[in-house]
Amino acid sequence: MKSFFTQILANLEQDLAEIETRIPNVLERYKTGAQLADRAAAKLKGAVPERFSSTATEIYFFKNIQPQVLSRKIYYSQLFRIEADRPKSVRDDYKKFLDQELQRITMFFEVHNALYLYFRGGATEKDPQYFLRGSLYNNEYPTDLDGVLDTRYCTVTSFKLAELIALEDVSKHIIGKLEQIYALPRNLHYKPRLRWTESKTDLVELVYALHLNGSFNNGSADLKQIFEWLENSLEIDFGNVYSNFRDIRMRKKETASFLTRLKDGLLKRIEEME
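Heads up: the sequence shown runs through residues 54 to 327, numbered per the working numbering.
Honestly, the hints are just simulated from the structure, not real lab data. Treat the hints with care, since some could be wrong.
Unchecked claim - If you anchor each label on the Cβ, the simulated ranges turn out as follows: (1) S310 <-> V143: 50 to 60 Å; (2) W249 <-> E163: 53 to 63 Å; (3) D91 <-> E232: 27 to 37 Å; (4) A95 <-> L315: 50 to 60 Å; (5) R205 <-> G174: 50 to 60 Å.
Yeah, the Cβ is synthetic: ideal placement off N, Cα and C, and Gly gets one too.
Let the hints inform the model, and build the full structure from the sequences given.
Structure, rendered in structure tokens:
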């Protein structure tokens, strides 16, 4: 059953990747994307059993499969609405429209920040509360949540998680549009693509050191902002950064080994230049 759910998600991702290159008209592309996601969601819904074979399988479905499929429907539906409603003539009106959409998304994330951090941080301790249909948390809500939530197919948390995943991608789309509107000349806008080729743990060590030193925004930037900035800049997925930091703390020989290598390398180079 788990592999069947995973295959539905994989097929959907393949179909969506295809329409991104096959359908040039954006409204038609967004509409088709929403329809493809809706059909995949219907397949999932028809296969959801009254009772899963194990709590682990149920948690996996409501945490990793159902929100991903539902998020694609929300994502393409939102893009369709934004493109259909956008001002077509004045550039400043379009910018204002996009800014308002981005502000709306930001407010949603502020309300559900704890869930977002829980999911992106790779936490698991609240999984039974969040992703089991029979948990007290999920049954405190009305059965259909104003006709939106089918509690046999969704949990309250999986539905909110789908919205967060979708809106995170919508916000990236909007930011991309804003960058296009105010793009620098081509020769000035070029930025070389760099890849981090040391370990993620080494980079986490460096980020924590810079954060504790107050090296970003005069010390006002939090860890989440710094890691998100690096993920976007270096196209890297940190995963559970707290797990990496725990590994650093548990090193037996030298805790900050990467920082020590950086220091030793710099001092050696300075000595060679003297």
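Review point. Falls inside 50 to 60 Å, the C-beta gap from S310 to V143?
Key: 56 Å, holds
Point to revise | C-beta pair A95, L315: status relative to the range 50 to 60 Å that was hinted | key: Holds - the Cβ-Cβ distance for A95 and L315, about 53 Å, lies within 50 to 60 Å.
Review point. Between W249 and E163, does the beta-carbon spacing fit 53 to 63 Å?
Key: 30 Å, violated
Check your understanding: Using the C-beta atoms of R205 and G174, is the stated range 50 to 60 Å upheld?
Key -> Cβ of R205 to Cβ of G174: about 29 Å, so the range 50 to 60 Å is violated.
Check your understanding: CB of D91 to CB of E232, is that within 27 to 37 Å?
Key -> 30 Å, holds
In terms of the numbered hints stated before, the structure departs from hints 2 and 5, listed from lowest to highest.
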